[in-house]
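Top line first, the protein sequences correspond to chains A and B.
Per our numbering, residue 1 is the first one in the first sequence, and the count goes up by one each step.
Per our numbering, residue 1 is the first one in the second sequence, and the count goes up by one each step.
Keep in mind the hints are simulated off the structure, nothing from the lab.
One or more of the hints may lead you astray.
Claimed, not checked - Going by beta-carbon spacing under 10 Å, a handful of chain B positions derived as facing chain A:
1) T10
2) V28
3) K68
4) L139
5) P152
6) Y153
7) N155
Where is the CB? At the ideal position from N, CA and C, for every residue including glycine.
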Amino acid sequence: MAPTLELYTRKIGHPEWEEPFVVNMGPQHPSTHGVLRLYLELDGETVVRCDPRIGYLHRGLEKLSENMTYTQAMVLTDRLDYISSAANNTGYCLAVEKLLGLEVPRRARLLRTIVCEMARISSHLLWLATHALDIGAMTVFLYCFRDREWLLDIYEKICGARLTVSYPRIGGVRLDFTPEIIDELYQFTEEFPTRITDYETLIDVNRIWLRRTKGIAVVPPEKALNMGLTGPSLRGSGVPYDVRKFRPYDAYDEVEFEVPVGKNGDTYDRYRVRMEEMRQANRIIRQCLDKLAQTEGEPVVAEGAPDLLMPEKKKAPRAVPHPKKGFMVKGEEVPVVPEGEVYVSIEAPKGELGYYIVSDGSGKPWRVRVRAPSFVHISAIPEMVKGHMVADIIAVIGTLDVVLGECDR
Amino acid sequence: MNPIRTIFLTEIAKGLWLTLRKMFSRPVTVQYPEERKPVAPGFRGRHALVRDPNTGRERCIGCLRCAKVCPSRCIYIETERDPETKRMVVKRYEVEALRCVFCGYCEEVCPVNAIVLTEFYEYVGYRREDLYFDKERLLANWDEFLTTQKRPYFNPYWKPRGVPEKMLPAPKRKAEGV
Ligand code: SF4
Ligand code: SF4
Chain A
1 MAPTLELYTR KIGHPEWEEP FVVNMGPQHP STHGVLRLYL ELDGETVVRC
51 DPRIGYLHRG LEKLSENMTY TQAMVLTDRL DYISSAANNT GYCLAVEKLL
101 GLEVPRRARL LRTIVCEMAR ISSHLLWLAT HALDIGAMTV FLYCFRDREW
151 LLDIYEKICG ARLTVSYPRI GGVRLDFTPE IIDELYQFTE EFPTRITDYE
201 TLIDVNRIWL RRTKGIAVVP PEKALNMGLT GPSLRGSGVP YDVRKFRPYD
251 AYDEVEFEVP VGKNGDTYDR YRVRMEEMRQ ANRIIRQCLD KLAQTEGEPV
301 VAEGAPDLLM PEKKKAPRAV PHPKKGFMVK GEEVPVVPEG EVYVSIEAPK
351 GELGYYIVSD GSGKPWRVRV RAPSFVHISA IPEMVKGHMV ADIIAVIGTL
401 DVVLGECDR
Chain B
1 MNPIRTIFLT EIAKGLWLTL RKMFSRPVTV QYPEERKPVA PGFRGRHALV
51 RDPNTGRERC IGCLRCAKVC PSRCIYIETE RDPETKRMVV KRYEVEALRC
101 VFCGYCEEVC PVNAIVLTEF YEYVGYRRED LYFDKERLLA NWDEFLTTQK
151 RPYFNPYWKP RGVPEKMLPA PKRKAEGV
């Protein structure tokens, strides 16, 4: 039976009836960066409880890859973190290469490092743009998008696509750079540090920015480790963990770079870490470009890399005894990809991105599991927003840099 | 916070000075329908079937490699044997562009460089059928695309730079532009 008006009037003002005020933030809220829905219980403007509800962008990419060959499934990884697709592709290719035991040529490794760092810069630029816009700085947004556009143009020249690049392939990369691209990248690395200085002029010491970020969502180092944060969100708390340094892949062992860390673990420190990371990424690109000249004319695909058109099954001829003819040739099934399981993780712009692949010997993966940083980071939101104002939730979502395509997969 | 900075609003003034300087720099905005950005060669856009300049027919030999490699399985091909010349000809070649993910695998695996993703990206339709390209439509796409191109046209994916020659199918090794 519906409660009567009398029941309500009786209950108002009753101390036991002080229910929290429930607000649904998202999934269409513009500052949740996708389709994140937060179920909030508020006491006035203070957050008492926050409950992230995810899954609005679930496409079943892990399951889908089980019905595709290894090369086809690489195309799906573009759609995980669609802002830095080159890094996702590289991680997947590294995992399959480990399964196959392939040695990638040096030039391909350098090229992949360059596109990964380009992805890092463009991802951080998009992060800075939207994070600043959410907090209230409009100009930075426009400047960041201007520079990100330049990077996307370079991507377009490299491989013909701007966002879902599908540039690496198992055993190397699909195309080599042309000399014009290398020139343009040199020009970019030349100019980009001054652009970062511009962004910093605008917001680094801006009092509104400082008030909105300093001391917001402080995560002490132990807590950050326990919550499973990785990438810039972890380094902002002062833990110098970076997969590129701990388990170097591709050409990261050849280049020099520093891993910036924060001190207080608040939103401002994470901002500083990402700004510094962009400078380091720029430095890495520069070094790789210098090294590219040494490998001029070398192949970019490994010897024995699988063809794009991967067979689902492979048969090898074998002579078997025959009662009348003496022997006959029979096809015997051989594994396309060796049986086994691998886990490979890379330092994606958002954090540690891992691929766990189980192979049963056929041309299709038996199971692909993606350890997506955004998924783990979203689970840290309730802890981080507790006791903060509603407006700070926006800053927290921004500072963790979550992408829902990767979280929901 | 630095007291001088607090009183004189220096950081705000600096920021405003930067924006003021940028106001007088060259604008980067492209007024889209009137002006367009140049598209990079090898851009993965609308599909087209290459018309062989010698025969006037499509170049495709119906080997089904593209249909097999396509991750979204959006290419449908039917072949038949020509009763006179006894050669395989393509009866039906359809691409469902709505399902395509524009990975470029099809143009890369095609041994005779018969399919291409053109640099044309402004295609829309009112119905789903408008974006369901059959063979005639694909060949028309090619003719339309060629009028905007410098000849000979050569797509970077037809013979990817840096890929060792022995990994490519034989006709691709000596591929030439159209
Ligand atoms: S570009 Fe990729 S998805 Fe599109 S038709 Fe070609 S192979 Fe299929
Ligand atoms: S791979 Fe090329 S030749 Fe073979 S069916 Fe496809 S378009 Fe035709």
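Hints the structure fails to honour: 4, 5, 6
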